[in-house]
Every structure is written in structure tokens, then in C-alpha cells.
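Q: One-letter residues, chain by chain:
2 protein chains.
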Amino acid sequence: MPSATNVVDGRAIAAQIQSELAARVASLKQRGVVPGLAFVRVGEDPASKVYVGRKEKACAELGIVSETHVLPEATSEADLLTLIGKLNATAHVHGILVQAPLPKHIRESVVFATVLPTKDVDGFHPVNVGKLMLGDDTGFKPCTPAGVVELLIRSGVKTDGAEVVVLGRGNIVGKPMAAMLCQKGKAANATVTICHSATRDIKAHCRRADIIVAAMGVAEFVKADMVKPGAVIMDVGVNRVPDATSKTGTKLVGDVDFANVQPIAGRITPNPGGVGPMTIAMLLQNTVRAAEQAAS
Amino acid sequence: MPSATNVVDGRAIAAQIQSELAARVASLKQRGVVPGLAFVRVGEDPASKVYVGRKEKACAELGIVSETHVLPEATSEADLLTLIGKLNATAHVHGILVQAPLPKHIRESVVFATVLPTKDVDGFHPVNVGKLMLGDDTGFKPCTPAGVVELLIRSGVKTDGAEVVVLGRGNIVGKPMAAMLCQKGKAANATVTICHSATRDIKAHCRRADIIVAAMGVAEFVKADMVKPGAVIMDVGVNRVPDATSKTGTKLVGDVDFANVQPIAGRITPNPGGVGPMTIAMLLQNTVRAAEQAAS
Numbered sequence: 001m002p003s004a005t006n007v008v009d010g011r012a013i014a015a016q017i018q019s020e021l022a023a024r025v026a027s028l029k030q031r032g033v034v035p036g037l038a039f040v041r042v043g044e045d046p047a048s049k050v051y052v053g054r055k056e057k058a059c060a061e062l063g064i065v066s067e068t069h070v071l072p073e074a075t076s077e078a079d080l081l082t083l084i085g086k087l088n089a090t091a092h093v094h095g096i097l098v099q100a101p102l103p104k105h106i107r108e109s110v111v112f113a114t115v116l117p118t119k120d121v122d123g124f125h126p127v128n129v130g131k132l133m134l135g136d137d138t139g140f141k142p143c144t145p146a147g148v149v150e151l152l153i154r155s156g157v158k159t160d161g162a163e164v165v166v167l168g169r170g171n172i173v174g175k176p177m178a179a180m181l182c183q184k185g186k187a188a189n190a191t192v193t194i195c196h197s198a199t200r201d202i203k204a205h206c207r208r209a210d211i212i213v214a215a216m217g218v219a220e221f222v223k224a225d226m227v228k229p230g231a232v233i234m235d236v237g238v239n240r241v242p243d244a245t246s247k248t249g250t251k252l253v254g255d256v257d258f259a260n261v262q263p264i265a266g267r268i269t270p271n272p273g274g275v276g277p278m279t280i281a282m283l284l285q286n287t288v289r290a291a292e293q294a295a296s
Numbered sequence: 001m002p003s004a005t006n007v008v009d010g011r012a013i014a015a016q017i018q019s020e021l022a023a024r025v026a027s028l029k030q031r032g033v034v035p036g037l038a039f040v041r042v043g044e045d046p047a048s049k050v051y052v053g054r055k056e057k058a059c060a061e062l063g064i065v066s067e068t069h070v071l072p073e074a075t076s077e078a079d080l081l082t083l084i085g086k087l088n089a090t091a092h093v094h095g096i097l098v099q100a101p102l103p104k105h106i107r108e109s110v111v112f113a114t115v116l117p118t119k120d121v122d123g124f125h126p127v128n129v130g131k132l133m134l135g136d137d138t139g140f141k142p143c144t145p146a147g148v149v150e151l152l153i154r155s156g157v158k159t160d161g162a163e164v165v166v167l168g169r170g171n172i173v174g175k176p177m178a179a180m181l182c183q184k185g186k187a188a189n190a191t192v193t194i195c196h197s198a199t200r201d202i203k204a205h206c207r208r209a210d211i212i213v214a215a216m217g218v219a220e221f222v223k224a225d226m227v228k229p230g231a232v233i234m235d236v237g238v239n240r241v242p243d244a245t246s247k248t249g250t251k252l253v254g255d256v257d258f259a260n261v262q263p264i265a266g267r268i269t270p271n272p273g274g275v276g277p278m279t280i281a282m283l284l285q286n287t288v289r290a291a292e293q294a295a296s
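Here the protein sequences come in this chain order: L and E. Following our numbering, the numbering of the first sequence begins with 1 at its first residue and continues without gaps. Following our numbering, the numbering of the second sequence begins with 1 at its first residue and continues without gaps.
For the record, the hints were derived by calculation from the structure and aren't laboratory data. Don't take every hint at face value.
One copy or two, it doesn't matter: identical chains are merged, so the pair holds either way.
Claimed, not checked - Think about it this way: if two alpha-carbon atoms lie no more than 25 Å apart in a straight line, the pair counts; the simulated DSS-like pairs of lysine-lysine are:
#1 K104 / K184
#2 K158 / K228
#3 K203 / K223
#4 K228 / K203
Produce the complete structure using the sequences and hints provided.
A: This is how it looks when you write it as C-alpha cells:
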């Protein structure tokens, strides 16, 4: 799908990362260690089934052994925590991923804080979030913002001193993204502004940005007149919108009006095929690292 | 010292908070609980001695029992961690404060992560930093940015939708300050930009700000021509500069050129007498809360 030269091919970059990880998996296997990842899914949310399915497939391709625990929608929080406790104590499980969203009667914050930080390959445990914010690289970073950073590095985008606007202040993307890009270090050192629903003039912020990370969850929110020519656009959004031409009557679009923004952007991620594959690549990377750390 | 009507009197606001805390301390004592805070100081850094001394005095005034452990400069990290372990296990110690900076041979990140999160009244443990970032109020917030938020609330500054520029990206003030002000909630919901040494045009960012939090550690960095008339200025800086008129030959100044900025600011904290007393008030508040939680 990426055709124009300014379109960042997330699938190709993710494939490159996965081939690098394959060498690390082979090295682990020579030492008798097979990286293991446990998925936990509660209920039958269709999007969650799709996401977990994709991650299972990526694990299998790389030689990570995965197991998927599916609990009924009515599962109690206590029962879910018991399962996580068992997985925490299982030596061959190096990483644990509890697929969000969870049913309303289960507190996600309690669940994420129960996963052992050393197995928290999603990077959602408070101790890993804290380490991220403190610039301590010993923790796991959340996969989607980590994937955006890798895309920036591998597509040659300089972030040092750049004006970055992060659209969205969610715990999974917006806040960690801002923390990662403002810190000292590689693919960081940027001046970051976090915009959100209460921001008075998002358009003005976007227009002065060298890099926009769109993670608001609003379909095609970023229009061409909000983008400075030459700006780098990272589109994290996944929004289902009506589409009369599709069999299902809907289609997935990002937070960026790609058709109109692409011609003026310096670099832009397509959607799908941009940030999405990177999220999975970063999950695999975290899992391989968790296995390496457990084996060392 | 605060005379002009736009000067925020941090001492008076801190005193008000301490009188509110006095009621909570009295209530604890009725239940047989005396809030206890342990200070740990390593070496003879003059500023650290002054800071710990002020905090000891504030504890005594409020009826918090404090104990101060002074270790020699050459103390090993292991010995310091052993002391922290003992304090973690001591029931009458509800809060532990290890005064920074520590000698170079001791890793602060390891020390801060060893303090029990439930006794981490400085809010530096990764799990408390993570909770802050996740918007989870069950952790302890770092005292200085929490003090700035209280100053904003109690001097009637609206942050909702405001343009905030945080100068500095340190772990103690800049980063947590940005995280606190951008979140949903009371005295938050602002559009936050974090500026630092790599920012291309700090002046332009400052000039568009409704609120500036100056925490760069550069003496009188914020000049009048960097401030939009009517903007709110919170000065966190503490910088020692030469002063021929002083007995010691030096004086302390903030990160803001107060004399020239005060006339055009909407509100401004003096320095000293602004944020500093609030840092201590927030430490007392965290300690009282730690005692309440331990007693419940």
C-alpha cells in the first residue's frame, strides 16, 4: 500500500525488527530457552479477538510459544487475579498480556498492577510506567509509543529540538508518548505539547508542529489545514466508521485525513500498515527481552 | 514580603494547610497514633542540612515525631539500603525521606525504589511516579509539583483549558508537574508544553503561556519580555548567585526575574516565600496521610 515516497512503511519496518529478533530467539533456543507469552482475554469483544489473534500469529512466526486463556465475560476480578498469579509463578511464561478493554466490573488498574513487572510486556504496571517517566530503561515500555519511536528512528526523522504535538492524553499512548519524546536521549529531546479535548486551539498547536502524533481516537481529525508542510505525521488512531462501499458497511480509519494530509506531509504513516504492525513488533521485542532477562 | 496584590503568599497558604493538617493529627492522636517521619541524610552537604532542618522544625510544629539518621559521606549503598529496610519495617515510622542529592557512589534510583511505596512521602518510588502518570490517586505525589497545584487552587487560578509552559524536565518537578496539569480533574485539564535545554524557541513558548512553571534551575531565566501580560508565574527555582551586598557574598534567587516580571504578571510567587513553603506543607500532608492509611 505505501507508494508515495513520504509514506512510512510500518509493515516493512516491523518485519525488519522481527528478523532482528529472530536471531535473539535462536540464541535463546540454543541455550534451551523458548520465549513464552501468555494472553489473557475476558469475554468476546470482537476487536479484542482480532488483536489477540494477530499477536498469536506473530508469536508463532517468530518462534515464541504463546498460550491464550479465554475467560467468560462474567468472570470475577478475583478469578482473573488468581489466573494472573498462576501465570506470574509459571517459569515458562516470560510475558503476560491481558487484553484491554476488560468488562466494566473488573478494575483494569488492579489487574495491570497484579502482573509481575518483569513479565509486564505491555508496560502497563505502575512500576514500569514510573520507570518510563523517570528515564530508567530497566522497565518495559508500552508497545504503541515505543513503536512510534522506532518508526521515527528507522525512517530517519530527527526529534532533537523538534516541536512535537501529541494529540491525546491516554495512559496507553498519549502520556507515555509525551514522556518518551521529551526526555534526553536517542529519538527524544523534543519540545512536547500534549493536546486533548480541553485544548483551546488544537489547530494552532498542530500548525506549528514538526511532528504530530495523533492518538485522540477521533476519525480523520487531523486535516490538511492543520499541518505545516513537511511535518511528520504518526497516526495511532483506529476508528470504525460507516462505509457503504464495504461488505460490512464499515471501515477502519485513523485519526488523520490521510488522503489530504499525505501530499503535504514530510513523512506520514498509513493506516492500516503504519503504527499497528509496530505495536506488535514491540510486544515481541519486550517478550524476547523478558525471556533473556529471565534466562540471565 | 508579599505586598503587591498579585504576589501569591506561599507562606500564608502553607500555614493554612498546616492548620488543616493539625486537625487530622489531633484526630490520629486521639486514636493513639502519632505520625512519624524518618529523615535520612548522607554526608554534610550544607543545603541538605538546611532543608532537613526546616522539615524537622515543621514536623515538630505540627506534632509529627521525626527522627533524623545522619550517615557519613563514605557510607556504602548497601548500608544505606539496610537502614531503609529497617525503617520500612518500623511501625512508628509512617514516612521516610532520603534527602537528595546523595553522594555519587550511591544510586539514587535504587535508593528511592527501596523505600516502601506506602512510606514514600517524597513520591519518588517508581510505583508512585507511575500512579501519578496513570491518574491513580492512591499513590503519593511529589511535594513540589503538588505544592504548585495547591498554590494554583488556593489562589483561584483556573487551569482548565489554560496554556501551561513547564520549564524543565527533571524527575522531581518538570515531568510530574506536566503530568499533573495535563490530566483530567481539578486544577488540571491544561494544555501543557514541556520546554528544556534543547527547546528551539523557549521565549515564543513562554510568551503564549497563561501559566509558566519555572523549574530549570537557571537564575532569573524568565525575563519580562518572555511573559504575556497577566500570565501566572510559579517560580520553583533555587539558585545561589554572587551578591556583594550580602554577608555571605551570595544570595538565593529563583528562575524568574521577579523585580521585572512581577509588574506585568497576573499572579506570581515570590522566591523565597512562594513554592518553597508549599513543598514542606505537602511533605507534612503526605506524612499525615501515610499515618492515616497505616492506622486504618
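Q: A separate judgement is required for each hint: does it hold in the structure or not?
A: Here is how each hint holds up against the structure:
1. With identical chains, the CA atoms of K104 and K184 are at most 25 Å apart between copies only, with a shortest distance of 20 Å across copies and 38 Å within one.
2. Within a single copy, K158 and K228 get their C-alpha atoms as close as 16 Å, which meets the 25 Å cut-off; across copies the closest is 31 Å, which misses it.
3. Taking the closest pair of Cα atoms, K203 and K223 come within 25 Å of each other only inside a single copy of the chain (9 Å); across copies the shortest separation is 28 Å, beyond that limit.
4. In this homomeric assembly, K228 and K203 come within 25 Å of each other (Cα to Cα) both inside a single copy, at 10 Å, and across copies, at 21 Å.
Every hint from the earlier list agrees with this structure, and none is contradicted.
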